Amino acid sequence: MAQKGYFDVPPEAIEPPKKSLPHYALPNFSVVLPDYANNEADVIRSAFNTANFRSIADLPDTVKNGAVNRSRFEKMTINRQSPLEGTAAAAGDDTVLFGQQRRLPDKTNRAKYFMEFEYMPSPYSLAEELAKDERNANNVKVAQAGHALTFRPADSRTRHAHEDVAGKFTEYIIDPFECAGDQVLRQKWLMDAQVLAAPFKPAGRNRGAAGEASTEMTGRQQLPEIVAALSRVLEEDWEGCPMLVCATEDEHIVVRFGMATLEEEPGLIAYMNVFAASHELVSRHKLRKVVEDWNVTPGDGYLYFTFRPSWVHVPRLEAFYALHPEDKVYNDRRAAAAAAAKAAAADGDGDGDDDELDGDGGAEAQLGAEFELAARNAMI
Numbered sequence: 017m018a019q020k021g022y023f024d025v026p027p028e029a030i031e032p033p034k035k036s037l038p039h040y041a042l043p044n045f046s047v048v049l050p051d052y053a054n055n056e057a058d059v060i061r062s063a064f065n066t067a068n069f070r071s072i073a074d075l076p077d078t079v080k081n082g083a084v085n086r087s088r089f090e091k092m093t094i095n096r097q098s099p100l101e102g103t104a105a106a107a108g109d110d111t112v113l114f115g116q117q118r119r120l121p122d123k124t125n126r127a128k129y130f131m132e133f134e135y136m137p138s139p140y141s142l143a144e145e146l147a148k149d150e151r152n153a154n155n156v157k158v159a160q161a162g163h164a165l166t167f168r169p170a171d172s173r174t175r176h177a178h179e180d181v182a183g184k185f186t187e188y189i190i191d192p193f194e195c196a197g198d199q200v201l202r203q204k205w206l207m208d209a210q211v212l213a214a215p216f217k218p219a220g221r222n223r224g225a226a227g228e229a230s231t232e233m234t235g236r237q238q239l240p241e242i243v244a245a246l247s248r249v250l251e252e253d254w255e256g257c258p259m260l261v262c263a264t265e266d267e268h269i270v271v272r273f274g275m276a277t278l279e280e281e282p283g284l285i286a287y288m289n290v291f292a293a294s295h296e297l298v299s300r301h302k303l304r305k306v307v308e309d310w311n312v313t314p315g316d317g318y319l320y321f322t323f324r325p326s327w328v329h330v331p332r333l334e335a336f337y338a339l340h341p342e343d344k345v346y347n348d349r350r351a352a353a354a355a356a357a358k359a360a361a362a363d364g365d366g367d368g369d370d371d372e373l374d375g376d377g378g379a380e381a382q383l384g385a386e387f388e389l390a391a392r393n394a395m396i
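Counting with this note's numbering, you get residues 17 to 396 for the letters of the sequence shown.
Hints are computed from structural coordinates only; laboratory data are not their basis. Note that the structure is a prediction, hence the values are computed from the model and not measured. Just so you know, even glycine gets a beta-carbon here, dropped at the ideal spot from N, CA and C. One or more of the hints may lead you astray.
Stated by the list, open to error - Using C-beta positions, here's what the derived DEER-type ranges look like: (1) Ala143 x Ile190: 48 to 54 Å; (2) Ile72 x Leu142: 25 to 31 Å; (3) Lys204 x Glu255: 41 to 47 Å; (4) Lys204 x Arg151: 53 to 59 Å; (5) Ala263 x Ala362: 51 to 57 Å; (6) Ser247 x Ile190: 52 to 58 Å.
Construct the entire structure; sequences and hints are all you get.
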């Protein structure tokens, strides 16, 4: 018996070749991964925000665990499996044709318009109409009872302040506390009316940072009060450490701590730096930290900190020389040249030109010293 060839097989017996899925439709590892925990919360939040492709109508009626994700998957499945436009399946045939046609929207899964629902009128005046019907019913009941007017009790008349319950005259007694308040207020008005200008400030050359007069600034008469207040504040913070706060002959305020009972010296130094920079007492009395006498240990077992009041003025050059004593002695090249010229003139000539040269050299040396002093003051 001859074997049948390829062309002897009927066409209906040959299976059509299966069309492979495109690369973007192939399953990958992300398909089997679960959704993150906040997926449903993010979908609900985005549905209530503007500029989002999600809508509130897409959310399920009952929100339970996994209901939002199931609703999304059902919508995607219905949209993916809907028939193509212009195909036999769209016309009702079961045959599915492949093509690039647009899929028809699913009418059962879309949000309906307002005109598709049954209109149920609900007037805004419904509550007023119900209240009107109730009032009319009450009026009918009053008429049936034989009352032409609304019932009013006998004691419904408004009484004045001088009338009692029986309608008799009662003397009105004024509250004495109210009278006292009125007198105080009247006295205040009279005092305010006498003020013709701002509070008096005497004239003076000294002005504070806030514009206060010289009499309002801290002076020498308040030095004992400043020392007592400073001692009281420091004793509250360093109760177990012996200390002494006193004023010196040059009106500086010195704070002395005993190092024998002091546990941590760096802690005390840091505290005093912050105290001098930000404490209210130091700011109110305008006390300044003396840099050259701050955190000084002369070797007697004590640690010293010095404050300078606002009325004590010390040249800045002295403070600089106290911190840098090596810069106090300096050599000016012009002064050295003048001294050398003077010595040479004294060795060469013995006439009267020496006096003239000495005068020129001395003036030049004095000018050099003044220039050096002005330069150092500007640098400081």
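Would you list, in rising numerical order, the hints stated earlier that this structure does not obey? Every hint satisfied by this model.
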